Amino acid sequence: MRSDALLNEAVRGPSGPRKHRMLPSWVATTALLLPTYAWLTLAVLLPLLTMFVFSFMSATPMGKAPITFTLKHYRAFVDQPYLLNIGWTSLVIGFWTTLLCAIFGFLAAVALARATVGRMRETLLILILLPFWTNGLVRVFSWTMVLRENGFLDNVLHMVFADAGSISFLYTRYAIVLGLVHGYLPYMILTCYIALVTIDDAIIEAAASLGARWWTILFRILIPMAAPGLISGAVLTFVPVIGSFMEPRILGGKVGVTMGTVIEDQFTQAFNWPLGAALSFTLLAVVLAIFATFSGVLRRGAAA
Amino acid sequence: MNNITRRNTLQLISAGLIAGAGYSMLPRKAAAAGSITVLNWQGYGTDEAWSIKAFQESTGIEVVHDYYSSEAEMLTKLRTNPGAYDLVVLNAARCAQAMAEDLIAPIDYSKVPNISSVAENLRSNENFNKDGVGYAVPWVWGLTALAMREGLPKADSYAVLGDAAYKGRVALQDDAVGVIAAAALLTGQDMNNPKDLDLVKETLKGFKPNVKLLWSTEDQWNKSFAAKEFDVAMYWSGGSVRSKRVSKLPVDFVVPKEGGIGWVDGLGVPASAPNMEGALAFANWMIDPKFYVEWATKAGAPASSNVAAMESLPADDLSRQIHKPEYIATMSIMSALPDDRREAFNNLWQEVKAFYAE
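Chains as they are written, first to last, in my numbering: chain A, 2 to 305; chain B, 1475 to 1832.
None of these hints come from the bench; they were simulated from the model.
Because the structure is a prediction, the values reported are computed rather than measured.
The beta carbon of each residue, even a glycine, is placed where N, CA and C say it ideally should be.
Careful, some of the hints might be misleading.
Pairwise CB distance ranges (calculated) [to be verified]: (1) 210/A - 1701/B: 54 to 60 angstroms; (2) 158/A - 1720/B: 47 to 53 angstroms; (3) 199/A - 1679/B: 50 to 56 angstroms; (4) 268/A - 1812/B: 17 to 23 angstroms; (5) 46/A - 1553/B: 28 to 34 angstroms; (6) 290/A - 1812/B: 32 to 38 angstroms; (7) 1524/B - 46/A: 21 to 27 angstroms.
Calculated lysine-lysine pairs in the BS3-like style (CA-CA distance at most 30 angstroms, straight line) [as the list claims (entries may be wrong)]: (8) 1679/B - 255/A; (9) 255/A - 1628/B; (10) 1718/B - 255/A; (11) 255/A - 1675/B; (12) 1628/B - 1702/B; (13) 1641/B - 255/A; (14) 1628/B - 1641/B; (15) 1682/B - 255/A; (16) 255/A - 1669/B; (17) 1731/B - 255/A; (18) 1675/B - 1697/B; (19) 1702/B - 1675/B; (20) 1702/B - 255/A; (21) 73/A - 1669/B; (22) 73/A - 1679/B; (23) 1585/B - 1764/B; (24) 1731/B - 1669/B; (25) 1641/B - 1679/B; (26) 1682/B - 1718/B; (27) 1641/B - 1731/B; (28) 1697/B - 255/A; (29) 1675/B - 73/A; (30) 1604/B - 1669/B; (31) 1722/B - 255/A; (32) 1641/B - 1697/B; (33) 1604/B - 1551/B; (34) 1731/B - 1679/B.
Bound-form chain A, shown alone (with noise of 0.2 angstroms):
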């Protein structure tokens, strides 16, 4: 988020005084930014609006019902008070999500731009990415071939100890959490690498001649220099896990009922769009309402 201002800084160098401007510099940036935005309004706001619109309509505005306007989707937290449940879990799983892939994202990102250079380096890069860009949905599914009972995990714990129980947790919390957390590592370990490697090493070369030990560093340089990419990463990380619905479904069995869940139910199933769409917007504000909250952190955070 605010590493691009930093990315742009870099990239035009000092601004100097240009000379020779013809058009005020204004023009040439909406000149610039139009196509994007037009593209972006058609493309999100636009449909994202109509889902807005949907969401106080009594039902799906496809078929012969006559439509209503109504507030009641806005007040289904109210009238099905299990969905605060619902709620609190997909918070909670956010969370434990963006503090492992912070952890070791981090680690990772510092792994990579302190003990790698050259080709090394964009080798590991890649390896990071390869995963990535096969199919989110192959991915989980290997995992259930991973953590089911008799599953991989369990072979190669019986070829070690042969009378050792299961330990197979899939359709359970912990494996939602895993396979959230390996889906969206990548994310945090690309934007940590970004602002890692922004870091002078001379900084650390004086620390260490002055005798800072490994942890001052870490926790006094590298963390609080690095702090913008930790924190774009968790924004990254974060809203889109509490609306996962992939993961929880085929990882969590049944536990795996969270607010991307009950959402996507109402699209598919239900076929009550209004209500999945109140839901969302719901979740939406929450979620500014949290980055809110926290924005003096975030803030302090992003411009150390």
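Once you've looked at the hints, dock chain B against the given chain A.
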């Protein structure tokens, strides 16, 4: 040089396109006098190439297909394209809706001689009839009931889903209509309109200690069953035939005393059909035992509504063994749900799922 090649290529491509377009239009125009357009799921019986070829040879009518990928889409296509279709495959639950919107026409049964051996129960089903007039030819049927691992005592009631002997060994279908139907039948209610939804909810919640898995696709069912993750499950009759025949899984299909949860697909003629005669001739062909036996044994099919067709299957045919004729009388058939009831069903199931997940 470069330029010329490019121009040549362009010319070649456009010539090819024109020729292709002309070619594809020619035969259709020639046969337009006797053709029908069928609206169906892809790969679901009506579009078997050998059957269409034989049908054209014997009647001179060409069969063209268009497909839908959901029943809601099917209705939308009928509403927005009057005159485009001659025959449509619709589920009993959707048929009532299509009748109410005057999308399909009454059937002239004298043009469908094979109807004489179609099960009376299916013919007179309220979803296919309005004021004593039939609006669709019942075509194929199947049911959802229980599947159990071979060797276990065969359950005689849906109560097995809550039986403590199967703690953590049960799989339910992740489908609001299906699970509510099972719980409604178990509590002695009308599965299409249960009066006591709270009782249904409590019954479903009572299955919690047993429920290991909620399945939604046949593939998922087969994989989990093969991995011995569950022993008892709600399952489709047709699915159990495929699991046994294709995946060689040790499955017994059991229809409990409360009856199966049945579905019937019918063949309807859109009110705006340009070629009703041809459509009815094809509908007659579709319920003909000769076509059915070939379809069932070559490709695999649900049960035919035509009793004579089922009887002409080989006696040891799995599909024939599982789809016993008496089920037609004992099963309840899924019918259309009004919007508010559908919403209530879905909310109920969502709440039960949240309870299972706790």
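Verification of the supplied hints:
no. : hint                               : verdict
1   : 210/A - 1701/B: 54 to 60 angstroms : 58 angstroms, holds
2   : 158/A - 1720/B: 47 to 53 angstroms : 31 angstroms, violated
3   : 199/A - 1679/B: 50 to 56 angstroms : 55 angstroms, holds
4   : 268/A - 1812/B: 17 to 23 angstroms : 20 angstroms, holds
5   : 46/A - 1553/B: 28 to 34 angstroms  : 29 angstroms, holds
6   : 290/A - 1812/B: 32 to 38 angstroms : 37 angstroms, holds
7   : 1524/B - 46/A: 21 to 27 angstroms  : 51 angstroms, violated
8   : 1679/B - 255/A                     : 13 angstroms, holds
9   : 255/A - 1628/B                     : 25 angstroms, holds
10  : 1718/B - 255/A                     : 25 angstroms, holds
11  : 255/A - 1675/B                     : 16 angstroms, holds
12  : 1628/B - 1702/B                    : 18 angstroms, holds
13  : 1641/B - 255/A                     : 14 angstroms, holds
14  : 1628/B - 1641/B                    : 17 angstroms, holds
15  : 1682/B - 255/A                     : 10 angstroms, holds
16  : 255/A - 1669/B                     : 27 angstroms, holds
17  : 1731/B - 255/A                     : 27 angstroms, holds
18  : 1675/B - 1697/B                    : 29 angstroms, holds
19  : 1702/B - 1675/B                    : 28 angstroms, holds
20  : 1702/B - 255/A                     : 17 angstroms, holds
21  : 73/A - 1669/B                      : 24 angstroms, holds
22  : 73/A - 1679/B                      : 26 angstroms, holds
23  : 1585/B - 1764/B                    : 18 angstroms, holds
24  : 1731/B - 1669/B                    : 21 angstroms, holds
25  : 1641/B - 1679/B                    : 14 angstroms, holds
26  : 1682/B - 1718/B                    : 28 angstroms, holds
27  : 1641/B - 1731/B                    : 22 angstroms, holds
28  : 1697/B - 255/A                     : 16 angstroms, holds
29  : 1675/B - 73/A                      : 23 angstroms, holds
30  : 1604/B - 1669/B                    : 24 angstroms, holds
31  : 1722/B - 255/A                     : 26 angstroms, holds
32  : 1641/B - 1697/B                    : 20 angstroms, holds
33  : 1604/B - 1551/B                    : 22 angstroms, holds
34  : 1731/B - 1679/B                    : 22 angstroms, holds
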